[in-house]
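K.L.:
Per my numbering, residue 1 is the first one in the sequence shown, and the count goes up by one each step.
There's no promise every hint is true.
[Stated by the list, open to error] Straight-line distance between alpha carbons at most 35 angstroms, and here's what the computed DSBU-like set of lysine-lysine pairs gives: (1) 47 x 135; (2) 110 x 47; (3) 108 x 69.
[Unchecked claim] For each label pair, taking beta carbons as the anchor points, the in silico distance ranges come out as: (4) 92 x 4: 34 to 44 angstroms; (5) 55 x 93: 24 to 34 angstroms; (6) 71 x 51: 45 to 55 angstroms.
What the hints contain is simulated information worked out from the structure, not anything from laboratory work. Using N, Cα and C, we set each Cβ at its ideal position, and we do this for glycine too.
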Amino acid sequence: MKNAVTYALLATAITFTGCTTYVGVDNPDNSGSMFSNITGTLTTKYKAEPEVVFNAVKRAVDQQSDIMKRMGETQHNSEGQLFDTTVFARAIGDLEVKINVTKIEDEKTKESYTQVTVKYGFFGNCEQSQQLVSKISANVRR
Numbered sequence: 001m002k003n004a005v006t007y008a009l010l011a012t013a014i015t016f017t018g019c020t021t022y023v024g025v026d027n028p029d030n031s032g033s034m035f036s037n038i039t040g041t042l043t044t045k046y047k048a049e050p051e052v053v054f055n056a057v058k059r060a061v062d063q064q065s066d067i068m069k070r071m072g073e074t075q076h077n078s079e080g081q082l083f084d085t086t087v088f089a090r091a092i093g094d095l096e097v098k099i100n101v102t103k104i105e106d107e108k109t110k111e112s113y114t115q116v117t118v119k120y121g122f123f124g125n126c127e128q129s130q131q132l133v134s135k136i137s138a139n140v141r142r
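Whole structure, please, built from the sequences with the hints as guidance.
P.N.:
Here it is, written out as structure tokens:
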């Protein structure tokens, strides 16, 4: 019985600490992105302005009209500047796709980035999220 409890605690610790995976994406600004198995989200950063990335997200979703439909978006403005937006879409099988575009600042270098977080489905799908980020990257105008 003691061993069962020990192994259960060990499995729980491994589950909650080892659930972040670094994956490659087609993003020239950040080729190594992070996929969280706990939240099911893929996170990447762009050096472009949030409005540019937001428009690229909408174009990427609209280009995949055979497998995904854009349902809407929420925008939060601060002093006329777009800083946080979520795009909602539905994929085949009625899977919800949420793409969050947020302007962030690196605390060490004081550089501004636009962070994109993709959650494909309820539990997340790393492969589908990577493909969507690839299409977003292709639509970001440099």
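K.L.:
So, for every hint listed, does it hold in this structure?
P.N.:
These are the hints, each one checked on the structure:
| no. | hint | verdict |
| --- | --- | --- |
| 1 | 47 x 135 | holds, 16 angstroms |
| 2 | 110 x 47 | holds, 13 angstroms |
| 3 | 108 x 69 | violated, 39 angstroms |
| 4 | 92 x 4: 34 to 44 angstroms | holds, 42 angstroms |
| 5 | 55 x 93: 24 to 34 angstroms | holds, 27 angstroms |
| 6 | 71 x 51: 45 to 55 angstroms | violated, 20 angstroms |
Taken one by one, the earlier hints fail for this structure at numbers 3 and 6, listed in ascending order.
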